[in-house]
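> These are the residues of each chain, in order.
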Amino acid sequence: MAILRVKDVSKRFGGLKALTDVNLNVEENSVHAIIGPNGAGKSTLLNCLVGKLMPDTGSVLFDNNSVLGLEPFQINQMGISRVFQTPEIFGELTVMENMLIPIFAMRDGAFRMHAYETIANEKAIVEQAEVMLEEMNMADKREMHAASLSRGDKRRLEIGMCLSQNPRLLLLDEPTAGMARADTNNTIDLLKQIKEERNITIAIIEHDMHVVFSLAERITVLAQGTPLVEDIPENIRGNPKVREAYLGEAA
Amino acid sequence: MDAILLQILNGLDKGSAYALIALGLTLIFGTLGVVNFAHGALFMIGAFCAVTLQKVFNLSFQTIDETQTDFLGNPLKVETPYVEAWFGPELGATIIDWSVPLAILFAIPIMLLVGYVMERGLIKHFYKRPHADQILVTFGLAIVLQEIVKYFFGANPIQTPPPDVLSGSVDLGTMIGFDPNAIIYPIWRLVYFGFALAIIGAVFSFLQFTTFGMVVRAGMADRETVGLLGINIDRRFTIMFGIAAAVAGLAGVMYGPLNPPNYHMGMDFLVLSFVVVVVGGMGSLPGAVLAGFLLGILESFASTTWATTTIPGINQIIIYLVAIIVLLTRPRGLMGRKGVMED
Amino acid sequence: MLGLNKKDTSLLIIVALLTLLAPFILNPFPEGSAMAQFNAGYPDLMQRFVIFGIFAIGFNILFGLTGYLSFGHAAFLGVGSYSAVWMFKLLSYNVIPAIALSVVVAGVFSLLIGFVSLRRSGIYFSILTLAFAQMSFALAYSVLSNPKFNLTNGETGLQVYADDPQILQGANAPDLPHLFGLPMRATYTMDVGAWSFDFNAGYYLCAVIMMVVFYLAIRIFRSPFGMMLRAVKSNQQRMNYTGLNSKPYTLAAFVISGMYAGLAGGLMAAMDPLAGAERMQWTASGEVVLMTILGGTGTLIGPVLGAGFIKYFENIFSKINDNVLHSWFAFLPDGLEDAVVFLIHPFIGKGWHLTLGILFMLVVIYLPGGLVEGGQRLLNRLKRKKTDADDAPSGKTEPAE
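Residue numbers (my numbering), protein chains in the order written: chain A, 390 to 640; chain B, 28 to 370; chain C, 5 to 405.
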């Protein structure tokens, strides 16, 4: 069953058609990659999914509930977590606090006036955060300021923060952009491991073919704001249309 | 009809001051990306340039006139200003009389220098720091500047009269066909308005027609790209800061005859000027000018008896009210670009 | 203790000791000695220390944690003062209902202003709060003092008159603010040798209240809510995408800090039953900004230190005049003495604002963490020197790397 259904979504910016009639289904427990040349509308599509942009037409259903018109925090509370192109973490806070915040958000919802309680007394939540840090191999860095982490660690932390909420859908926006090969491979391994250990759906927006073909179970190719093909990786690799879209960009 | 015209005219002098200060503020914000809370202090320093010059011109030496006696029968001591001794009594008296307009010449180099020192010495180090830090450090600087002025000139307002010829009023109404005495208007206000227009015109044409201005405008639009072109944008921005300081200073020089300068006049104008900048749109020069005059005129209308009896106190709060409404409904102001400082 | 960790508990105890023993600590010089003018232990000033401490602690909850710089917090202080005086006028001179009402009214008022102002962030937020505060000031100064509806008594300031109802004022109750009969002005003076120490009822009321709200501030800083506020400052984008709505968090911080300001205003009126519009002016808001930053933004003790520092300056430093300076530098040769006094003169007495402005700028430029950071750096340097000295002999035996 498809957990995320995008139906006839269009979006224009002035005279520019960023998206035209996008239809897309992301199956539950799959890894679905959305690829495409620059300017294909990948980011616009992503922003429509997370509540940052409102499409002009069409609908986006997550688990049969519309996400359109909702605020990002409401969409997150429905079970969609997002990993950004450049890691978005709380730089001035410690690694531990970074991990605590999403867990609090999951338990207490979008707002709770817990101003008199002490964090140290929230044993269950602290424990959960510890476990997650262990899992991310970051337990030794728990008291560090997140801003002082290495780029790769920031990425791990951000993914860890998203996973700590047990999301049903993890959205990754070019998770390896600007990374060195070694860091890229580490991230791929991490994502593979996550997929093996959890019941989770992952949608990746990616430019890097190496990442896409290492991870994806299904691939949608976006070109000029519309899906060109959707298939399993083996069939995408040799598809002439895809090649044309990419080579066309190169030429 | 004549009443409406009178209120518009009444709003022009304050509007001119708002427009000039806001113009400099937004120039600094647009080019340097700095929120300058010390800009009101520059306005005040300008006004005190006029005060200083007036004092300098009035420096006198004493002579004893044996031919006359004072009421105690002692020989009369006569104070003669040096300028009168040097340039002859007539020219000297004229110079003293015209000390406020003459202060323009005196203020320009001083304000440019103050602006230059401020930018190189302090503001430069805050380009990369958060806006809150910029606000705080310039707020501190404003306090320091106003206290220095207070130290030298005292806390009381100091009269800076306009030249005699320009000190009366004219009956504008009769010139355009209204009844006599319908629109009586002080000449100096007209002078101030004309002066403001001239300065605004000069700044705009400078930005529009010179290469320097072109680079600055490009820099306002996209600072990084211009920097990449190998143009020494920082240096131009320093000069720009000097110019903005000069504009605020000149606005202050000529404002003296309208309201005797005191050391906290800068702070008084600062808050309103910020409101003007925000209403006009952060980083928009025409917006700042337009909003300056509009708010000045609006304030003048709100001060009419009709307005204050309908809504008591409206004259006190109208500008803030407008600012709040504009900020909430149209955050980029009247003419601002989208996304400026929206973070 | 009290649900705090060790470090916070000791901080609280230190603050408690300092405030309770303030009459001693602030009066170190014997009465009548040349230094007696630097004694700050008189009731009026001590009250102001703690009242502005409360104001700054509250401001820090907003600015220190969320990073939203409000330039309009004096409005809440003013509203608090007006509410308290109204309570005196209508009910009685008992300070408890007055202080309670000032907190409540300031809370409601800050909820309204915060709700609107927080729709914008950054500089726009600062200017919105500035505009609201200036508007409140203008309203209080003129509009709300018209004969038909005199809420603020305009320029004169709101005060209690003989013909006010004071329906609950008992026949025997003191005719000035009191706590169940104990007048706020009651002062017990203890003379020990040449020294004299004042113990003032009003001061101790303020001090106890400050300790309570300081404790609450610690709780807020250490709570999940406090962590969320720091998250607002750090990265709102991540916060929203983590399922948290940053708006109510910021608004709650705004209202809490508004209530602290209202409490400070109420206490001010309780010490001296008068409320004037000038308390709401934006320069008064600027003052609390100065205090918080000078002391150390985002630290617990910083704002209290900053408030004490500025109030001390305002009241004591401003008293130094040329005569005092001459007596200090009398050991110098005459010419040099005059020169030194001449150089220092602009910075003292009435010129203390100049010194304050310069200090504030230096802090913003070099010490973003304020006095607290300065103190920490000093401590670290001392510690390092000590450990360096300790390590030096053993360091020699270790092989070079």
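FYI, nobody ran anything at the bench for these hints, they're computed from the structure.
Treat each hint with caution, since some may be false.
To be verified - A partial selection of chain C residues facing chain B, derived with a Cβ cut-off under 7 Å:
#, residue
1, S146
2, V368
3, L371
As the list claims (entries may be wrong) - For lysine to any residue, the following SDA-like pairs were computed, each having C-alpha atoms within a straight-line distance of at most 25 Å:
#, chain 1, residue 1, chain 2, residue 2
4, C, K237, A, I621
5, B, K155, A, M527
6, B, K155, C, K152
7, C, K323, B, K151
8, A, K441, C, Q240
9, A, K543, C, N249
10, B, K155, C, V345
11, C, K152, B, T356
12, B, K82, B, P157
13, A, K406, A, G458
14, B, K177, C, K11
15, C, K251, A, M443
16, C, K354, B, K151
17, A, K441, C, K237
18, A, K543, A, M527
19, A, K630, A, K584
20, A, K584, A, I514
21, B, K155, C, K11
22, C, K251, A, G567
23, C, K251, A, G468
24, B, K151, C, P372
25, C, K354, B, W333
26, C, K11, A, E563
27, B, K155, A, M598
28, C, K152, B, F236
29, A, K630, A, S432
30, C, K11, A, E619
31, A, K543, B, A334
32, C, K251, B, P190
33, C, K152, B, A334
34, C, K354, B, I185
35, C, K152, B, W333
36, C, K152, B, P157
37, B, K151, C, Q240
38, A, K406, A, L435
39, C, K237, A, K584
40, C, K251, B, P157
Note that CB positions come from ideal geometry on N, CA and C, so glycine has one too.
> If a hint holds in the structure, say so; if it doesn't, say that too.
Each hint, compared with the structure:
| no. | hint | verdict |
| --- | --- | --- |
| 1 | S146 | holds, 5 Å |
| 2 | V368 | holds, 4 Å |
| 3 | L371 | violated, 12 Å |
| 4 | C:K237 to A:I621 | violated, 43 Å |
| 5 | B:K155 to A:M527 | violated, 31 Å |
| 6 | B:K155 to C:K152 | violated, 53 Å |
| 7 | C:K323 to B:K151 | violated, 36 Å |
| 8 | A:K441 to C:Q240 | holds, 14 Å |
| 9 | A:K543 to C:N249 | holds, 23 Å |
| 10 | B:K155 to C:V345 | violated, 39 Å |
| 11 | C:K152 to B:T356 | violated, 34 Å |
| 12 | B:K82 to B:P157 | violated, 41 Å |
| 13 | A:K406 to A:G458 | holds, 20 Å |
| 14 | B:K177 to C:K11 | violated, 45 Å |
| 15 | C:K251 to A:M443 | holds, 21 Å |
| 16 | C:K354 to B:K151 | violated, 31 Å |
| 17 | A:K441 to C:K237 | holds, 20 Å |
| 18 | A:K543 to A:M527 | holds, 10 Å |
| 19 | A:K630 to A:K584 | violated, 30 Å |
| 20 | A:K584 to A:I514 | holds, 24 Å |
| 21 | B:K155 to C:K11 | violated, 35 Å |
| 22 | C:K251 to A:G567 | violated, 33 Å |
| 23 | C:K251 to A:G468 | holds, 21 Å |
| 24 | B:K151 to C:P372 | holds, 17 Å |
| 25 | C:K354 to B:W333 | violated, 43 Å |
| 26 | C:K11 to A:E563 | violated, 43 Å |
| 27 | B:K155 to A:M598 | violated, 37 Å |
| 28 | C:K152 to B:F236 | violated, 59 Å |
| 29 | A:K630 to A:S432 | holds, 21 Å |
| 30 | C:K11 to A:E619 | violated, 59 Å |
| 31 | A:K543 to B:A334 | violated, 60 Å |
| 32 | C:K251 to B:P190 | violated, 57 Å |
| 33 | C:K152 to B:A334 | holds, 18 Å |
| 34 | C:K354 to B:I185 | holds, 19 Å |
| 35 | C:K152 to B:W333 | holds, 19 Å |
| 36 | C:K152 to B:P157 | violated, 47 Å |
| 37 | B:K151 to C:Q240 | violated, 28 Å |
| 38 | A:K406 to A:L435 | holds, 15 Å |
| 39 | C:K237 to A:K584 | violated, 33 Å |
| 40 | C:K251 to B:P157 | holds, 21 Å |
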